[in-house]
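*Asks:* Line by line, the protein sequences give chains A and B.
According to the numbering used here, the stretch in the first sequence is residues 239 to 431, in order.
According to the numbering used here, the stretch in the second sequence is residues 14 to 415, in order.
These are calculated hints, taken from the structure and not from any lab test.
Incorrect hints may appear among the rest.
[To be verified] Computed list of chain B residues with no C-beta within reach of chain A, every gap over 12 Å:
| id | residue |
| --- | --- |
| 1 | Ala41 |
| 2 | Leu76 |
| 3 | His238 |
[Stated by the list, open to error] Stretch-level coverage of chain A by chain B, calculated; a stretch enters the list once three of its residues show a Cβ under 8 Å from a Cβ in chain B:
| id | stretch |
| --- | --- |
| 4 | 291 to 298 |
| 5 | 327 to 339 |
[To be verified] Quick partial rundown of chain A residues pointing at chain B, CB under 8 Å, derived from the structure:
| id | residue |
| --- | --- |
| 6 | Phe303 |
| 7 | Ile313 |
| 8 | Glu369 |
| 9 | Ala370 |
| 10 | Ala373 |
Ideal Cβ positions, reconstructed from N, Cα and C, are used throughout, including at glycine.
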Amino acid sequence: MRIAIIDTSAGRAAVISDGLREAGLDDLVLIDPAGALVAQIEAAKPEVILINLENPSRDLLEDFFAMSRALARPIAMFVDQSDAEATGAAIDAGVSAYVVDGLSKQRIKPVIDLAIRRFQAFSTLQRELDEAKNALAERTTIDRAKAILMKRRQIDEPAAYALLRGQAMRTNRRIGEIAEAIVTSEALLGDME
Amino acid sequence: MTESFRIGFLPLVDAALPILAHELGLAAREDVAIELVRDMTWATVRDRLLYGHTDAAHIIAPLAIATALGRDRPPVAMAVPFVLGLNGNAVTFSIALARAVGLGETLGDPAAIGAALREVAAARKTAGKRLRFGVVHRYSSHNYMLRYWLAGVGIHPDADVEIVVTSPPFAADALAAGEVDGICVGEPWNSIAVDRGVGQIALATAQIWRRGVEKVLALRETLVHERRDAVEALIRALHAAAAHFVTPEAAEESADILARPEYLDAPRDAVLRAITDRIRVVPGGEPIHYPDFMFQYREAANFPWRSQAAWLYSQMIRWDNNVFSEADAATASSVFRPDIYRAALAGTGAPLPGASSKLEGGLDQPIGAGSVQGRLVLGNDRFFDGRAFDPDDIPAYLAGLE
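Next up, chain A with everything else stripped away, as it sits in the complex:
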């Protein structure tokens, strides 16, 4: 069963294709979202197309599916309307699919379920990455604020940190916010003396 993956995120496409390969589905075609989509699909002749729900090319692709013979009678993935839970999960995860009519549900369902899990895993990964990035950025800001305090007040690092922490506790804000304010005011006022 040949599966084509169209995703505006190359990272997510890689995560999905890895998962499919691990599950023994290795007849995969990664469509380059920056290239000519229609020509690539015509060349690949897939039986299943996995696509991110919010892909900007979806209206165009549906028109192509209706017009061309590259896919013999493609339909939307949700073959069985009674399987509301799985379809809801797919939309929540942000995945959609087109499947050639006639493929049995038993063969499609594992692919869709896997895509859902991988999409969800990718979102979690993305979130953790964002959080890590934010934490890193905050760390840098706190270090810069400490350096400013040490220089201005002629104090050592533990004392500078204690100042930041004390101010954060008194004003009920995060240390990162206090540090941000110090760095900003230094940038604006630092040269005035």
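Got chain A sorted already, so can you dock chain B onto it with the hints?
*Replies:* Chain B only, in chain A's frame:
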């Protein structure tokens, strides 16, 4: 208890009613909470609606009908109890095509422009480079309006030119990139193309059909069954938003709200021009006033006439080369739900038509029409070629168009 509705929409001026109902507290007045879900393609809006991610959608009417008929997918029963507006779209040519056709600085006559376009289209076809037009979806009123006009002036939409799909937010870009020679899209995307200097407006779709059905509020039929009272409250809120939207004093504030990043994320001036029926036809030109460019409220514009759905069905089979089916025609027509509209607005003073279906395109001037509540006047609803559509005899209508 407050009932909440998640409503999907695309960034278009005619998404105004659910947005304003939410922003101006008109929904809250009916004990309804609206949460808006913005997308970039109609396929995404439809998928969210079908699979319960949203409860209702601002959507192109033919797509709701195609979904109910199971075109290209398993059918899902749909209900359209409220029309969000008539027309408000335009056909915009690239500057090169505008020059070749000799477009003037104002909106011209559809038949005359069509005759000139026919010459250009023929020359391009002979040169092996057919003119290419972008419409927003295969199952869109834009596709059917454009095709109706082209066919009506002797240009076969499939053989003489090429019609491709460009979702609304990308239509002006496609024109700018030279991927298409013309677009048929809703506002503000025509105006944005003109303001960017890459397009000239050839026609308002209101010139093709004076009272053409456009976006609708669509829901899954099962949801309407389960939450009937709440759906009726939502309809009252949208109707109140429509009444407010068309007052001249509301235009500035409506433009402020719609232009915001979370809604249209578009230039305020382009939005305001559409709302006030003022169209800038050529780059740098003065906007011209074209009455009823958008039509959101008067003449019971929000009433879902079954004959409107039937016309869309007639065009669907015309261009998909399907044969007429009595059963499909009945399914398509019954997607539009005047019964729910009447029940929701009974006792409010809103004019409620007595009939559910009418001859489309049969009126030259305003005329009083039968109503079960309020005074109903229907205005000129002509198609540009003067033909009228009788929903009870679709085969004869289609035969007449050949």
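*Asks:* Now tell me if each hint is right for this structure.
*Replies:* Evaluated hints:
no., hint, verdict
1, Ala41, "holds, 27 Å"
2, Leu76, "violated, 10 Å"
3, His238, "holds, 16 Å"
4, 291 to 298, "holds (count 8)"
5, 327 to 339, "holds (count 4)"
6, Phe303, "holds, 7 Å"
7, Ile313, "holds, 5 Å"
8, Glu369, "violated, 24 Å"
9, Ala370, "violated, 27 Å"
10, Ala373, "violated, 27 Å"
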